[in-house]
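**Student:** Sequence:
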Amino acid sequence: ADLMFAQKMIPHHQQALAMAALATAPKAAASLKVQDLAKRISAAQTPEIQKMQGWLNQWGATATTTAGHDMNGSTPMASTMDTTMGTTMGTTMGEMGGSDGMMTDADMQALAAATGPAFDQLWLKGMIAHHQGAITMAKTEQQSGLNSEAMALADSIVTSQAREVTEMQQLLNAG
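With the numbering used here applied, the sequence shown covers 15 to 189.
Derived from the structure by calculation, the hints contain no laboratory data.
Some hints here could point you the wrong way.
Keeping only pairs whose Cα atoms sit at most 20 Å apart, straight-line, the calculated EDC-like set for lysine to aspartate or glutamate is [to be verified]: (1) Lys65 to Asp119; (2) Lys65 to Asp169; (3) Lys47 to Asp169; (4) Lys139 to Asp119; (5) Lys139 to Asp169; (6) Lys53 to Glu181; (7) Lys139 to Asp121; (8) Lys153 to Asp169; (9) Lys139 to Glu163; (10) Lys153 to Asp114; (11) Lys47 to Glu178; (12) Lys153 to Glu178; (13) Lys65 to Asp50; (14) Lys153 to Glu62; (15) Lys53 to Glu163; (16) Lys139 to Asp50; (17) Lys65 to Glu163; (18) Lys41 to Asp121.
Simulated restraints, written as ranges between beta carbons of each label pair [to be verified]: (19) Ala43 to Gln72: 17 to 23 Å; (20) Gly130 to Ser158: 38 to 44 Å; (21) Leu186 to Pro61: 37 to 43 Å; (22) Gln135 to Ala15: 34 to 40 Å; (23) Ala188 to Ala75: 41 to 47 Å; (24) Thr154 to Gln183: 19 to 25 Å; (25) Leu46 to Thr154: 19 to 25 Å; (26) Thr118 to Thr173: 25 to 31 Å; (27) Trp73 to Pro131: 42 to 48 Å; (28) Thr38 to Arg177: 19 to 25 Å; (29) Ala43 to Glu163: 23 to 29 Å; (30) Ala127 to Ala75: 32 to 38 Å; (31) Ala176 to Asp50: 17 to 23 Å; (32) Lys139 to Leu17: 27 to 33 Å.
Beta carbons are placed, not taken as given, at the ideal position from N, Cα and C, and that holds for glycine.
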């Protein structure tokens with residue numbers, strides 16, 4: 015359960031970073047509140063990815079997509095996986111779309127094409143579903159995990175992302 019948690023949560027978080035990068039790009043013309051939230055999500059999830067990659071290194075495992083394919087070919091996780099705002103996502107999204115709150119390629123393209131209030135609406139709806147998927151995965155880790163560090167991260171994800179879902183719902187309802 016611990017291994018599966020890390021292997022699924024890394025690409026999940028990477029997509030959140032890609033979504034956050036879109037929200038902070040000038041082209042999106044996202045509201046300041048959405049931009050601020052995107053920056054906070056990125057700041058929280060980047061070190062979590064690094065932590066989980068470290069576990070996988072310790073456990074002699076690699077990061078995989080939800081389809082079970084090695085995220086970076088046959089290269090072990092010891093090599094640097096590019097987590098810079100979605101460059102990895104372009105090669106893996108087609109295999110992962112839709113599961114555990116993940117946005118599909120088409121969803122990501124629609125988000126990238128949107129601007130202003132329409133962008134905010136799409137981003138908030140997409141990130142709410144994304145966070146809900148992460149919360150579900152983290153709750154599975156809480157129930158089935160054995161590694162105390164992985165379970166602590168799962169606890170943190172449930173708490174922080176539930177709080178962010180509430181914030182996003184409020185932003186969405188405010189229009």
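**Student:** Against each hint, give a clear statement of whether it holds in the structure.
**Tutor:** Results of checking the hints against the structure:
{"no.": "1", "hint": "Lys65 to Asp119", "verdict": "27 Å, violated"}
{"no.": "2", "hint": "Lys65 to Asp169", "verdict": "15 Å, holds"}
{"no.": "3", "hint": "Lys47 to Asp169", "verdict": "26 Å, violated"}
{"no.": "4", "hint": "Lys139 to Asp119", "verdict": "16 Å, holds"}
{"no.": "5", "hint": "Lys139 to Asp169", "verdict": "23 Å, violated"}
{"no.": "6", "hint": "Lys53 to Glu181", "verdict": "14 Å, holds"}
{"no.": "7", "hint": "Lys139 to Asp121", "verdict": "11 Å, holds"}
{"no.": "8", "hint": "Lys153 to Asp169", "verdict": "8 Å, holds"}
{"no.": "9", "hint": "Lys139 to Glu163", "verdict": "30 Å, violated"}
{"no.": "10", "hint": "Lys153 to Asp114", "verdict": "12 Å, holds"}
{"no.": "11", "hint": "Lys47 to Glu178", "verdict": "12 Å, holds"}
{"no.": "12", "hint": "Lys153 to Glu178", "verdict": "16 Å, holds"}
{"no.": "13", "hint": "Lys65 to Asp50", "verdict": "23 Å, violated"}
{"no.": "14", "hint": "Lys153 to Glu62", "verdict": "16 Å, holds"}
{"no.": "15", "hint": "Lys53 to Glu163", "verdict": "25 Å, violated"}
{"no.": "16", "hint": "Lys139 to Asp50", "verdict": "16 Å, holds"}
{"no.": "17", "hint": "Lys65 to Glu163", "verdict": "10 Å, holds"}
{"no.": "18", "hint": "Lys41 to Asp121", "verdict": "17 Å, holds"}
{"no.": "19", "hint": "Ala43 to Gln72: 17 to 23 Å", "verdict": "43 Å, violated"}
{"no.": "20", "hint": "Gly130 to Ser158: 38 to 44 Å", "verdict": "43 Å, holds"}
{"no.": "21", "hint": "Leu186 to Pro61: 37 to 43 Å", "verdict": "27 Å, violated"}
{"no.": "22", "hint": "Gln135 to Ala15: 34 to 40 Å", "verdict": "36 Å, holds"}
{"no.": "23", "hint": "Ala188 to Ala75: 41 to 47 Å", "verdict": "43 Å, holds"}
{"no.": "24", "hint": "Thr154 to Gln183: 19 to 25 Å", "verdict": "23 Å, holds"}
{"no.": "25", "hint": "Leu46 to Thr154: 19 to 25 Å", "verdict": "35 Å, violated"}
{"no.": "26", "hint": "Thr118 to Thr173: 25 to 31 Å", "verdict": "28 Å, holds"}
{"no.": "27", "hint": "Trp73 to Pro131: 42 to 48 Å", "verdict": "44 Å, holds"}
{"no.": "28", "hint": "Thr38 to Arg177: 19 to 25 Å", "verdict": "20 Å, holds"}
{"no.": "29", "hint": "Ala43 to Glu163: 23 to 29 Å", "verdict": "40 Å, violated"}
{"no.": "30", "hint": "Ala127 to Ala75: 32 to 38 Å", "verdict": "36 Å, holds"}
{"no.": "31", "hint": "Ala176 to Asp50: 17 to 23 Å", "verdict": "18 Å, holds"}
{"no.": "32", "hint": "Lys139 to Leu17: 27 to 33 Å", "verdict": "31 Å, holds"}
This entry does not satisfy hints 1, 3, 5, 9, 13, 15, 19, 21, 25 and 29, going by the numbered hints stated previously.
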